[in-house]
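Each protein sequence line maps, in turn, to chains A and B.
At position 10 of the first sequence (counting the first as 1) the number is 10 in my numbering, and the numbers step up by one without a gap.
So the number in my numbering is just where the residue sits in the second sequence, counting from 1, plus 136.
It is worth saying that the hints were derived from the structure and are not from the lab.
The structure presented is a predicted model; accordingly, all values stated were derived computationally and were not measured.
Using N, Cα and C, we set each Cβ at its ideal position, and we do this for glycine too.
Certain hints may be false.
What the hints assert, rightly or not - Below, a sample of chain A positions facing chain B; criterion: calculated Cβ distance under 8 Å:
no., residue
1, Arg49
2, Ala62
3, Leu66
4, Ala80
5, Gln96
6, Asn108
7, Gln125
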Amino acid sequence: MKPAIVMSRLCLLCLISPIGPINMLSSASGGKRIHRSLVEQASRTAKPRSNPFDGQERHIQAGAKLFAGECAACHGENGAGGLSPAPPLRQTEVRQAAPGTLFWILRNGSLPRGMPSFAHLPEQQRWQIITYLKEL
Amino acid sequence: MQLICNYKTLILSIILVSPAALAESPFSITYTHQLEEPGNLEIATKSVMGKPGDSRFLGTALEFEYGVKAWWTTEVYLEGQTTRADRTLFTGYRWENRFRVLPREHWINPVLYLEFENINGANRSLLEVVDNDGKDDLLSPNSEARAEKKRELEAKLILSSYVKGWTIAENFIAEKNVRHAPFEFGYAVGISRPLALAARPQRCNLCPENFQAGVEMYGGLGTHASFGLRETSHYVAPTVAWTLANGTRLSVSPGFGITDSSARFLLRFGVAYEIDQFGRMARRTFGGKS
Chain A
1 MKPAIVMSRL
11 CLLCLISPIG
21 PINMLSSASG
31 GKRIHRSLVE
41 QASRTAKPRS
51 NPFDGQERHI
61 QAGAKLFAGE
71 CAACHGENGA
81 GGLSPAPPLR
91 QTEVRQAAPG
101 TLFWILRNGS
111 LPRGMPSFAH
121 LPEQQRWQII
131 TYLKEL
Chain B
137 MQLICNYKTL
147 ILSIILVSPA
157 ALAESPFSIT
167 YTHQLEEPGN
177 LEIATKSVMG
187 KPGDSRFLGT
197 ALEFEYGVKA
207 WWTTEVYLEG
217 QTTRADRTLF
227 TGYRWENRFR
237 VLPREHWINP
247 VLYLEFENIN
257 GANRSLLEVV
267 DNDGKDDLLS
277 PNSEARAEKK
287 RELEAKLILS
297 SYVKGWTIAE
307 NFIAEKNVRH
317 APFEFGYAVG
327 ISRPLALAAR
337 PQRCNLCPEN
347 FQAGVEMYGG
357 LGTHASFGLR
367 ETSHYVAPTV
377 AWTLANGTRL
387 SVSPGFGITD
397 SSARFLLRFG
407 VAYEIDQFGR
417 MARRTFGGKS
């Protein structure tokens, strides 16, 4: 068997592995519904945490800069919605969400729903993004 | 006419994309569990310069990395090299896929890596070191080396963690030529940290959070018949990456061989640029569903 065929079959195997069907679920769902359920899901799992930068102007601006680089491509400029099915973030639900819930979402993402983890950002930068989200 | 307008829109969108991620790892060889964001395309060059004998070489890989899903990233590399007083040639391609295994973030995070490579013996990209790969492999003239065909399957277990701003990654590599040769093994480990953990409010090129510094170590571990460190090459490489405000990432990593089999010095450098939501822009341009 040709190596390229072997490789293709290995990739196909990964597609039908346990994470494959989860992916199909995500594409079948609407963006807004996904967002609501993600915040709800996270609020059940996340630990209560307080945002060390809450309301601080300097960190709101830093958060806006980070948001433009990390989030705006999917969630739109200023969180108003973008090209992808990712939900807009300028919503009461986001403003009212507990900081720990938003932190949980940024840390873990939701791979089946297409939201990557942002754990590669230092914790401080994740809090800066949350500080900005609260001001949207 | 409509298609020309669409092309213009696509190109303009690419030029106007927002800045890319700040916290990409600075490693040249070691992978972390961070995958490409879905729909994003990263175009990068990874080059390595060395002088194992009398003639200096420059190996370059042009990389296209695409986030298919949040848990699946695929990459294609086109590779070539030029050797002083010898020729410049295309040395092959490789196609790799990375799959995130666990849906949530844990203290250690596994990613499975599968790759097919079709390169020849003159390849100097040195994207991994396995078995007894060493300086002797870099000495053959291109005309001889290119005759050797390497069609190989490679698997990696990527483990990595983020701890208080530090990125710690370990890769275990197994490679097999599909026609002959035994299983060959190698490893790569790395640790890095941004110079600042919190971002500054202003958009700037020289903000400390735009710099990532670290060190990585990589080398061969023999074959399944002769597993171990004997006659293998190993490198220690400090590494720095700098992300400009427009999202372009520059990286440089001088690597120092620490065994007799290793090349004494390898200088790696690269440039990367990420195009946000390339997949959707392309689908929209060509009239598909976005």
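Comparing the hints with the structure gives:
Proximity of Arg49 (chain A) to chain B is violated relative to the hint, the smallest CB-CB distance being about 15 Å (cut-off 8 Å). With a cut of 8 Å, the hint placing Ala62 (chain A) at the interface with chain B holds, because the nearest CB-to-CB distance is about 4 Å. With a least beta-carbon distance of about 5 Å to chain B, the hint placing Leu66 (chain A) at the interface is held under the 8 Å criterion. Hint status for Ala80 (chain A) relative to chain B: violated, with the closest Cβ pair at about 14 Å, above 8 Å.
The beta carbon of Gln96 (chain A) comes no nearer than 24 Å to any beta carbon in chain B, farther than 8 Å, and the hint placing it at the interface is violated. The interface hint given for Asn108 (chain A) is met, as the beta carbon of that residue sits about 5 Å from the closest beta carbon of chain B, less than 8 Å. With its C-beta approaching chain B no nearer than about 5 Å, Gln125 (chain A) sits inside the 8 Å limit, and its interface hint holds.
Checked against the numbered hints above, the structure breaks hints 1, 4 and 5 and satisfies the rest.
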